[in-house]
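There are 2 protein chains.
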Amino acid sequence: MTRTALAFVAVTFALGAHVALAADAAQLEINKKNVVEFYDKAINQKDFEAASKYMGARYTQHNPNAADGPEGLKAFLQFLKEKFPASRSEIKRVFADGDYVILHVHAVREPGTRGSAIVDIFKLENGKVVEHWDVVQPIPEKAVNTNGMF
Amino acid sequence: MTRTALAFVAVTFALGAHVALAADAAQLEINKKNVVEFYDKAINQKDFEAASKYMGARYTQHNPNAADGPEGLKAFLQFLKEKFPASRSEIKRVFADGDYVILHVHAVREPGTRGSAIVDIFKLENGKVVEHWDVVQPIPEKAVNTNGMF
Chain A
1 MTRTALAFVA
11 VTFALGAHVA
21 LAADAAQLEI
31 NKKNVVEFYD
41 KAINQKDFEA
51 ASKYMGARYT
61 QHNPNAADGP
71 EGLKAFLQFL
81 KEKFPASRSE
91 IKRVFADGDY
101 VILHVHAVRE
111 PGTRGSAIVD
121 IFKLENGKVV
131 EHWDVVQPIP
141 EKAVNTNGMF
Chain B
1 MTRTALAFVA
11 VTFALGAHVA
21 LAADAAQLEI
31 NKKNVVEFYD
41 KAINQKDFEA
51 ASKYMGARYT
61 QHNPNAADGP
71 EGLKAFLQFL
81 KEKFPASRSE
91 IKRVFADGDY
101 VILHVHAVRE
111 PGTRGSAIVD
121 IFKLENGKVV
131 EHWDVVQPIP
141 EKAVNTNGMF
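From first to last, the protein sequence lines are chains A and B.
Position 109 of the first sequence, counted from 1, bears residue number 109 in this note's numbering, the numbering being contiguous throughout.
Position 47 of the second sequence, counted from 1, bears residue number 47 in this note's numbering, the numbering being contiguous throughout.
Since the hints were made in silico from the structure, they are not lab data.
One should not assume that every hint holds.
In silico lysine to any residue, SDA-like type, Cα no more than 25 Å apart, as pairs [as the list claims (entries may be wrong)]:
id, chain 1, residue 1, chain 2, residue 2
1, A, K123, B, E90
2, B, K32, A, L21
3, B, K123, A, N147
4, A, K92, A, N44
5, A, K33, B, D24
6, A, K123, B, V144
7, A, K142, B, A67
8, A, K32, B, A22
Produce the complete structure using the sequences and hints provided.
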């Protein structure tokens, strides 16, 4: 093999490995964008139809207060719309790793109240949301430190 | 420039970009390993000295019930040791993104109780833990779905 041919093989190998890692990084950004848009359509706009475009065939729900499946989310958004129409959730941080996107959120159901700190974990398949876990903690009136929960 | 020289330049460029992405991926794994070890030494072993090897110069605390700084963590571990010596926290999921590591945890303070779902977020600088946020929710007795909180 000539030096040029050897160099060509090396380029091909290095580029192949690079393209795979770069594709992974690009997919993480796509997943983040999809989840942020899904979250806003669902939780802030309370628009199930708009949110459902980001969802896969299943929506496995781990929040103990919400019914399973896409129908469970639909019912939850209807509840928000009726009981807390002015509720707002502000995304403070977005993380992605593999098939998962994690949101750190400040949720306020009634304007002027302290609200809750929430972490939502979403699993995606082919860029679509298929599973959800969360942990919710009301922000206490007093704290031992001055750093805030975010 | 000869074709060989051009190919050499291309190899160098592709390898450089690849090495940078691969180094990022390797650092994420190192960060995960460091945080999992830190968490076990601190929260399960309640050994501040062992845990402090994974900590940077600051430990900015956002948990509203814990005092700021490394001394705050030391006091919290002393509290756990005295009040809940049998407490155990099981890490269910570990995520990493940039300088952050996120843990999804099932914490049980007294054996036989349902315990809490927790998400901990740690920020690292140079592979050392320097900041902590968390959200804590007691696992309810009853849930609307059968999927569990994990």
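Hints, verified against the model:
1. A/K123 - B/E90: 20 Å, holds
2. B/K32 - A/L21: 19 Å, holds
3. B/K123 - A/N147: Roughly 14 Å separates the two Cα atoms, so the pair holds.
4. A/K92 - A/N44: Between A/K92 and A/N44 the Cα gap is close to 14 Å, so the pair holds against 25 Å.
5. A/K33 - B/D24: 21 Å, holds
6. A/K123 - B/V144: 20 Å, holds
7. A/K142 - B/A67: Judged against 25 Å, a Cα distance of about 12 Å means the pair holds.
8. A/K32 - B/A22: Holds - the C-alpha atoms of B/A22 and A/K32 are around 21 Å apart, at most 25 Å.
In the structure shown, no violation is registered for any of the earlier numbered hints.
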